[in-house]
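**Q** Can you build the whole structure from these sequences, using the hints too?
If you want the building blocks of each chain, they are given just below.
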Amino acid sequence: MAHIELSGVSKTFGETQALTDLSLDIADGQFFVLLGETGAGKTTTLRLIAGLENPDQGRVLIDGQDVTRWGAAERDVALVLQQYSLYPRYTVRQNLEFPLKSPIRKTSAEEIAARIARVAKTLRIEHLLDRKTDKLSGGEMQRVSIGRAIVRTPKVFLMDEPLSALDAKLRESLRAELKDLQMNLGETFLFVTHDQVEAMSMGDRIGVLNNGVLAQVGTPHEIYTNPINTFVARAVGSPAMNLLAGTAQNGRAVMGGIDLALEGPAAERPLIFGIRPEDLVVEAGAEVDAQVVDVENHGVEKIVTLQSAGQALRATVPVTVKVAKGEAVRFGWNPGKVLMFDPASGRSLRHGG
Amino acid sequence: MTQIELRGINKHFGDFHVINDVNLTVEDTEFVVFLGQSGCGKTTTLRAIAGLETIDSGEILIGGKPVHMTRPEARDVAFVFQNFALYPHLTVYENMAFPLRAVRTPKAEVDRTVRRVADVLQIGSLLNRRPSALSGGDLQRVAIGRALVRNPKAMLMDEPIGSLDAKLREEMRVELKRLHVQQGSTTIYVTHDQIEAMALADRIVVMHAGVLQQVGTPEEVYANPVNLFVAQFVGSPVMNVADVALSEAGAGAVLTVAGAAEGFAVPSALLGQMQAKASKPLTLGIRPEAIALSLQAEPGAVAAKAHLVEPLGSHDIVDFHIGGATMRARTRAGLVGKPGTPIWARLDPARAHLFDSESGLSHGIKL
Chain A
7 MAHIELSGVS KTFGETQALT DLSLDIADGQ FFVLLGETGA GKTTTLRLIA GLENPDQGRV
67 LIDGQDVTRW GAAERDVALV LQQYSLYPRY TVRQNLEFPL KSPIRKTSAE EIAARIARVA
127 KTLRIEHLLD RKTDKLSGGE MQRVSIGRAI VRTPKVFLMD EPLSALDAKL RESLRAELKD
187 LQMNLGETFL FVTHDQVEAM SMGDRIGVLN NGVLAQVGTP HEIYTNPINT FVARAVGSPA
247 MNLLAGTAQN GRAVMGGIDL ALEGPAAERP LIFGIRPEDL VVEAGAEVDA QVVDVENHGV
307 EKIVTLQSAG QALRATVPVT VKVAKGEAVR FGWNPGKVLM FDPASGRSLR HGG
Chain B
375 MTQIELRGIN KHFGDFHVIN DVNLTVEDTE FVVFLGQSGC GKTTTLRAIA GLETIDSGEI
435 LIGGKPVHMT RPEARDVAFV FQNFALYPHL TVYENMAFPL RAVRTPKAEV DRTVRRVADV
495 LQIGSLLNRR PSALSGGDLQ RVAIGRALVR NPKAMLMDEP IGSLDAKLRE EMRVELKRLH
555 VQQGSTTIYV THDQIEAMAL ADRIVVMHAG VLQQVGTPEE VYANPVNLFV AQFVGSPVMN
615 VADVALSEAG AGAVLTVAGA AEGFAVPSAL LGQMQAKASK PLTLGIRPEA IALSLQAEPG
675 AVAAKAHLVE PLGSHDIVDF HIGGATMRAR TRAGLVGKPG TPIWARLDPA RAHLFDSESG
735 LSHGIKL
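Going down the list, the protein sequences come from chains A and B. Just remember that my numbering sits 6 ahead of the position in the first sequence, which is counted from 1. Just remember that my numbering sits 374 ahead of the position in the second sequence, which is counted from 1.
Just so you know, the hints here were simulated from the structure itself, not pulled from any lab data. Incorrect hints may appear among the rest.
The list that follows gives simulated cross-link-like pairs (lysine-lysine, DSS-like), each with its CA atoms no further than 27 Å apart [said to hold, decoys possible]:
no., chain 1, residue 1, chain 2, residue 2
1, A, LYS127, A, LYS175
2, A, LYS175, B, LYS712
3, B, LYS679, B, LYS712
4, B, LYS551, A, LYS175
5, A, LYS331, B, LYS527
6, B, LYS527, B, LYS439
7, A, LYS127, B, LYS679
Stretch by stretch, here's where chain A covers chain B in the computed footprint (C-beta under 8 Å, at least three residues) [stated by the list, open to error]:
no., segment
8, 544-551
9, 559-572
10, 612-622
11, 668-677
Backbone N, C-alpha and C define an ideal beta-carbon position, used for all residues, glycine too.
**A** As structure tokens, this is what we get:
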């Protein structure tokens, strides 16, 4: 059980500014996901909390206690990495025992056995306990790595892309398992990923990192429906939100030849209009004409790429909608779902842009 | 014109039968995706076509000619790997010109080809940079460019975008497709990611344990999987499967999940259709979007409690338990507020699949 707080943390590596004035508050028992691209500073943040890096400025607090200068071993956090590091010649049981046998912890033999039994049950690896780890599949190994973190009952779990080296299928099932695990344990999880689906589906809250700066923190719903700027708008959702430059005029969005109605009054000014692919409507009789330049069939839905007045837009439609490459179609949008951003700052008008 | 044909090819690594009697014809200009887990034999098959692996038996034909006596470099196929290898001390231009210079192509032609391909890949502005100054996506574009300059008969790609960030992967997917449309070269693409397969393929080849499971368009493979493996490999979230019993109920029929008190209503026609089959254990397969959730009791629906809610923005995925099975349904965003909410689940019988539990084969029943 732990509450994590970062306050004004900055970190540079040589010439590179990895993190800039980062402040973050992760409540006790929360599943917090940091989302960002390679190089955004996610792993650095994690390592600062783990005590594997020291910040140049700012403080790290765990349960209100300033741990900025504490070593990694004193912080009682567990780290799970993308590349699992298990002892190859040991069995799963021996690998799980290892963190408990540390001389400073002095856990009794009965206690060790009981904890391993509980962890193995939680992660469904009971049948693997006496197997050598080099005889395990990738998913099994990752479960054992997580198991090794859990047996210690640390205050905080830090996970650095633990699923990204796994096959797509396995990633999906472990995603639900991890979320389930966190709910059962009720512990604080900080999970780092570049995959927005992982972030959305697991996080109680998501922090979006852009180039060392925390762009926005919110629930998956807030981040998705009310992004603070165009960067966050495009960071979540697949396919990405359509962003079109234009002007608001007489209650309509005029976007270089695409002209669509807006909801409510809008000041006349240059804007970037954002609309998610599922909020575009492709149907006969809609306001604007377009050419279908690509159709991706994903089984449950189709992703249609439209070309209209020299601009490309992506729309998702139900799989039952008949649409083919090269076809001329008409489209409109759901005016209630349009977001507006300031072209200079990229900031959403709802967030004072 | 490059057709690629595999005729009864087999390959063993010691006792391990890595390619098991694979027959396949890839048509000229077709984009075929080999989809499967790691270790299923997809990469080995690709390497055999390229000539990087020998085969134990069978025949590989490229453009109608058997190639087993042809060295890899003479097969005129280009290979793009996940871990692209560029020369770090050469510029992008020099990296792309390398394969042409190696075969003593005239200077003017090298220049023309490199610029044309760079244009197609939209890396024209990067030609004087060195690889160390490029992003992951640009590096992969250059690697593809280097494969393309030779204007090969066929492109073989082994997870070419697997190591990129999710966002970039999505952009590169679109680009690869555009490129294929422009170039029209016969392409075989290997991946474990069913989203890539669905998005890119003219036809998907699902492989498992060295055996071709199903070959078909993305629509066919998604809507009519031939067995439980294919059913659960294509589609995200995974198709729900559960052991079920079929029984009469009043004027209709119900499918009851093992261990559950109530069953899902299905049309009585199913009883007749199943009578023709031997009475073997049945497995129900139902995709998350073919389960409708309601917050009120409905006839033919099964009561449950939401266990997990995964919000994905455009929609939610709700996990719940029925009998001994965990099921997931795709609902509109926000329908089920939070875990613990009572829900009622109903099946769309037209999209229900029934499999033989022992063989895993689909009964091919359409309701």
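**Q** All the hints need checking, so say for each whether the structure fits it.
**A** So, going through the hints one by one against the coordinates:
1. Distance hint between LYS127 of chain A and LYS175 of chain A is fulfilled; the C-alpha atoms sit about 22 Å from each other, no more than 27 Å.
2. Restraint check: the Cα-Cα separation between LYS175 of chain A and LYS712 of chain B comes to about 25 Å, which is no more than 27 Å; the hinted pair holds.
3. For the hint linking LYS679 of chain B to LYS712 of chain B, the alpha-carbon distance of about 10 Å falls within 27 Å, and the restraint holds.
4. This hinted pair checks out: LYS551 of chain B and LYS175 of chain A have alpha carbons roughly 23 Å apart, not beyond 27 Å.
5. Simply put, LYS331 of chain A and LYS527 of chain B have alpha-carbon atoms about 25 Å apart, close enough for the 27 Å limit, and the pair holds.
6. Simply put, LYS527 of chain B and LYS439 of chain B have alpha-carbon atoms about 13 Å apart, close enough for the 27 Å limit, and the pair holds.
7. Taking the CA atoms of LYS127 of chain A and LYS679 of chain B, the gap is about 23 Å. The hint holds against a cut of 27 Å.
8. With a cut-off of 8 Å between beta carbons, the segment 544-551 of chain B has 3 residues touching chain A; three or more are needed, and the interface restraint holds.
9. With 5 residues having a Cβ less than 8 Å from any Cβ of chain A, the segment 559-572 of chain B passes the three-residue criterion, so the hint holds.
10. Residues of the segment 612-622 of chain B lying with their CB closer than 8 Å to a CB of chain A number 1, which falls below the three-residue condition for coverage.
11. With a cut-off of 8 Å between beta carbons, the segment 668-677 of chain B has 0 residues touching chain A; three or more are needed, and the interface restraint is violated.
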